[in-house]
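Q: Next come the chains, spelled out residue by residue.
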Amino acid sequence: MSRIGVFVCHCGENISRTVDVERVAAQVGKLPGVAFATDYKYMCSDPGQNLLKKAIIEQKLSHVVVAACSPRMHERTFRKAVESAGINPFLCEMANIREHCSWVHENREEATVKAIEIVGMMVERVKKNRVLPTITVPVTKRSLVIGGGIAGIQAALDIADCGHEVVLVEREPSIGGHMAQLSETFPTLDCSQCIMTPKMVDVANHPKIKLYSYSEIELVEGYIGNFQVTIRKKARSVDEDKCTGCGLCMEKCPIKKIPSKFDCNLGMRTAIYVPFPQAVPNTPVIDRENCTKFKTGKCGLCQKVCGPGAVDYEQEDRLIVEPVGAIVVATGFDLYTINEKPKGSMIKGYGEFGHGKIPDVIDGMTFERLASASGPTGGKILRPSDGKEPKQIVFIQCIGSRAREKGISYCSKVCCMYTAKHTMLYHHKVHDGQAYVFFMDARTPGKSYDEFWRRSIEEEEAVYIRGMVSRLYQKGDKIVVMGSDIAVGVQVEIEADMVVLATAIQPQKGADTLAQKLGISYDKYNFYSEAHAKLRPVECATAGIYLAGACQGPKDIPDTVSQASAAAAKVMTLFAKDQLEREPIVARVREAGCVGCFYCKKVCPYGAVEEKEIRDRQGNLIRVVAYVNPGVCGGCGTCQATCPSKSVELDGYTDEQIVAMIEAL
Amino acid sequence: MKEKLNYSYYPGCSLHASAGEYDLSTRELFKKLKIGLTEVPDWFCCGATPAHNVDELLSLSLCAKNLELADKVEGDLAVACAACFSRLKTTQNVLSESEVKRKQVEKAIDAPVILDSHVKHLLEILARDLGPERLAQSVNKPLSGLKVACYYGCLLTRPTDVPNLDCVEAPTIMEDVLKAVGAETVAWTHRMECCGANFTLSRPGVVIQLTNAILDSAKAAGADCVMVACPLCHGNLDIRQKEIEGVYSVNYNLPVFYLTQLVGLAVGLGPDKLGLAAMMVNPLPLLKEKGLL
Ligand SMILES: Cc1cc2nc3c(=O)[nH]c(=O)nc-3n(C[C@H](O)[C@H](O)[C@H](O)COP(=O)(O)OP(=O)(O)OC[C@H]3O[C@@H](n4cnc5c(N)ncnc54)[C@H](O)[C@@H]3O)c2cc1C
Ligand code: SF4
Ligand code: SF4
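Those sequence lines, one after another, are chains A and B. This note's numbering puts the first sequence at residues 1 to 665. This note's numbering puts the second sequence at residues 1 to 293.
What you were told as hints is all true, and nothing was included just to trick you.
Computed list of lysine-lysine pairs in BS3-like fashion (alpha-carbon distance at most 27 Å, straight line):
id	chain 1	residue 1	chain 2	residue 2
1	B	K179	A	K357
2	B	K147	A	K478
3	B	K219	A	K478
4	A	K348	B	K179
5	A	K413	A	K199
6	B	K147	A	K475
7	A	K261	A	K429
8	B	K141	B	K32
9	A	K234	A	K304
10	B	K147	B	K273
If you're looking for bench data, these hints aren't it; they were derived computationally from the structure.
Take the sequences, apply the hints, and build the full model.
A: Put into structure tokens, the structure is as follows:
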């Protein structure tokens with residue numbers, strides 16, 4: 001006969017306000033098998049846990065039910081407490097009378113009756129619980145970092161500096177991400193290249209970092225501590241080991257007029273190219289869509305001039321499998337292309353601004369390239385249309401951001417600050433020019449941020465107009481900006497030479513596909529979701545996967561770097577142990593009953609079901625049955641629901657337990 | 001071939017008064033295109049722009065009652081005026097979101113509130129229900145060579161939170177219809193700017209200024225004429241055009257057509273069936289010049 005202890009929590013007033021907890025304890029105490037029942041204000045607190053432990057010992061309890069909040073909140077807490085008092089942790093269950101009861105009901109009498117039923121169900125269930133052993137799995141102490149922007153670079157360096165190997169996968173031909181494109185950075189105006197490129201070089205030279213550039217994630221299998229990642233190394237057409245980076249091929253390539261994505265289409269590149277001179281790795285890649293050799297079979301100049309014979313037109317994509325124990329996702333952001341109205345998307349576009357049609361209406365990143373000393377104009381602010389210096393420039397903030405009717409309601413966080421920076425850079429370079437900024441609010445929380453913004457107005461003479469712009473149109477060689485000044489309550493029209501739009505930060509294209517491969521969750525905008533907004537901001541709900549940088553939400557560089565180092569610290573915490581404990585909530589096959597239909601194998605989303613041969617003593621094959629690999633099983637129970645002969649069951653969620661609960665109702 | 005199209009018809013007050021030619025050309029065009037059009041018996045004013053500024057319940061009730069009357073006639077509801085269209089759609093939206101208001105209105109009109117009927121502007125009927133292909137098939141006098149500035153004004157695509165007929169800020173539905181009948185459309189800057197609408201009586205100074213900017217932009221873009229789908233816009237652009245020309249010492253001479261007049265021309269309706277004589281800026285010289293008469 002079991003001796004069950006029931007502990008009913010008040011949760012301060014969260015439960016006791018609507019549920020008569022004393023009555024619940026008294027009532028449940030009468031159930032057969034319950035040896036002890038009590039209530040307490042905060043069961044999870046230190047005195048609460050002590051009460052639990054003391055009762056287990058004094059009352060010689062065999063099973064425990066804690067009636068409190070959701071098991072997601074405190075199941076681990078109470079199982080640990082129970083274990084320290086000498087009971088197997090899986091003989092402790094939680095009855096959720098907060099989320100499932102007190103929070104959703106108002107009528108005290110009805111809520112109390114419901115709470116009694118919920119606890120009663122768990123009492124019947126716990127009677128059927130079995131002692132489960134903790135499962136341990138080994139940890140592969142190597143880490144994968146996806147994305148080589150400043151987030152990925154920082155995380156990779158931190159982990160590698162601790163002596164653990166890092167596999168860094170970057171989709172583009174070079175690492176660096178958006179930060180490599182920036183001119184000078186707020187709030188200190190130090191040159192982005194000067195603080196970024198040394199870190200890129202560190203990555204290239206680090207003995208513990210294995211860099212796969214121009215590569216993508218193909219497949220992710222396994223689980224925390226034991227992932228198998230398949231990486232697609234796209235054909236570069238240049239052998240990385242042979243190439244010396246001399247650049248002769250690029251000099252000779254006759255196809256010279258391809259708009260450079262890195263320079264926001266302001267500059268041109270060749271068909272064989274490195275995205276920018278400081279690229280890491282400094283190995284060119286052939287853009288096969290534009291290369292004459294690939295289009296017509298002729299040319300082949302680059303191969304002829306290449307001294308070390310590195311150019312290889314035959315190269316093919318390669319698939320490489322890397323075992324890793326942890327994954328840091330750092331895939332960053334993209335800017336919202338506002339003239340596009342993506343099909344089937346909730347985002348509506350801004351046709352009225354003529355972006356993409358009026359050449360001198362540009363976005364913030366294009367302005368960064370104009371202002372960058374290594375950019376296509378050598379750092380001179382010149383209009384894309386005619387190369388003239390704009391004397392009146394208008395910046396418009398919140399394009400796409402905070403515009404619910406256009407489909408995005410969030411704030412992109414960095415635009416207020418970089419627009420202030422842009423007005424300064426402009427004023428430094430065009431002394432007789434005037435900058436105007438249309439803004440809704442200036443959001444400048446951050447160390448030295450508000451001071452920076454004030455400086456743009458007070459010292460750099462930017463004119464800030466609170467209000468939005470309805471329309472932009474070309475009139476002669478001017479752009480008419482029609483806006484409103486809501487502080488004064490008048491309409492404003494400015495004839496500008498150039499307009500810069502602070503367009504919204506969005507997740508990288510394909511962020512959702514990658515998330516599906518990784519099995520992590522994302523929000524409606526495709527930003528990746530952290531496990532807890534406040535207390536677990538760098539972990540995914542999927543164990544062993546961590547987040548860094550703008551892929552989780554808009555972020556500036558200081559925030560990105562902090563999060564990247566935090567993610568690295570989490571990886572190191574994981575790698576500090578040799579063995580990982582995992583919950584034994586895994587499926588188990590009753591071999592005697594298994595008919596070998598392998599329906600379970602077909603439905604298992606984790607690929608945990610294997611085929612096991614049963615042989616007699618002479619080694620003759622008798623039958624083939626299913627076997628669930630406990631290291632891989634995700635505990636979803638799909639196999640249990642599918643098995644026609646009821647031969648596979650999830651430990652902790654057996655049919656017997658569930659039926660007992662139903663019968664208790 | 002799809003089934004025959006059939007609509008109930010809510011002309012709105014203007015079409016029975018200052019915009020008689022819009023009403024006439026609509027009926028004639030639909031007859032010609034073999035689209036059924038039955039005027040809602042006993043319809044009355046929807047309250048248009050003034051009512052909802054004064055009393056929300058009144059404005060919702062006026063529209064709700066008209067919707068209820070329209071529901072008794074077969075077919076989706078065809079609406080000609082952009083203001084009526086915007087109010088009727090808004091009413092459906094507001095009432096489907098608020099049970100409290102729905103109950104109040106039900107009491108006020110002493111009839112059920114109809115939320116699931118389809119309210120369609122004439123533009124939608126031509127561009128979507130009939131569709132550019134079938135429209136093009138009915139054309140026997142393509143408007144080739146005619147350069148038209150399509151003027152949307154404010155209300156056709158607004159308010160923004162009500163599911164509406166096209167993109168709020170950069171719609172193309174008018175251009176779509178005109179392309180189907182062979183006209184050329186110009187890209188211009190003021191296609192969505194407000195003309196001042198019914199402030200024409202209380203603040204004519206403002207309306208003249210706004211309307212001038214619109215005409216100026218259309219002219220600058222090389223348009224021969226303007227097309228509208230709203231009697232209020234028409235009033236300002238057409239009736240006030242002479243006055244504006246005087247105030248600003250300019251010469252626009254831009255005929256302002258209703259949607260149904262231009263499409264009517266293309267399917268072969270004569271000037272008398274389109275009410276061209278009622279237009280203040282005489283369109284006949286332009287149409288003759290382009291060989292469209
Ligand atoms: C115009 C502008 C100006 C700015 N100015 C400043 C400033 O002055 N100061 C400041 O603090 N911040 C500034 N920022 C913000 C700054 O750019 C970001 O904080 C920073 O770049 C975020 O870094 P990240 O590594 O998270 O993302 P990213 O820089 O976007 O890097 C992501 C990387 O991941 C790669 N990647 C994406 N998807 C995949 C995939 N599926 N597989 C493999 N690799 C992938 C990308 O190619 C890229 O290299 C500015 C932003 C903008 C738009
Ligand atoms: S591929 Fe050859 S030519 Fe081109 S940079 Fe490398 S070594 Fe030089
Ligand atoms: S083969 Fe292609 S990449 Fe090489 S030089 Fe010719 S066009 Fe350029």
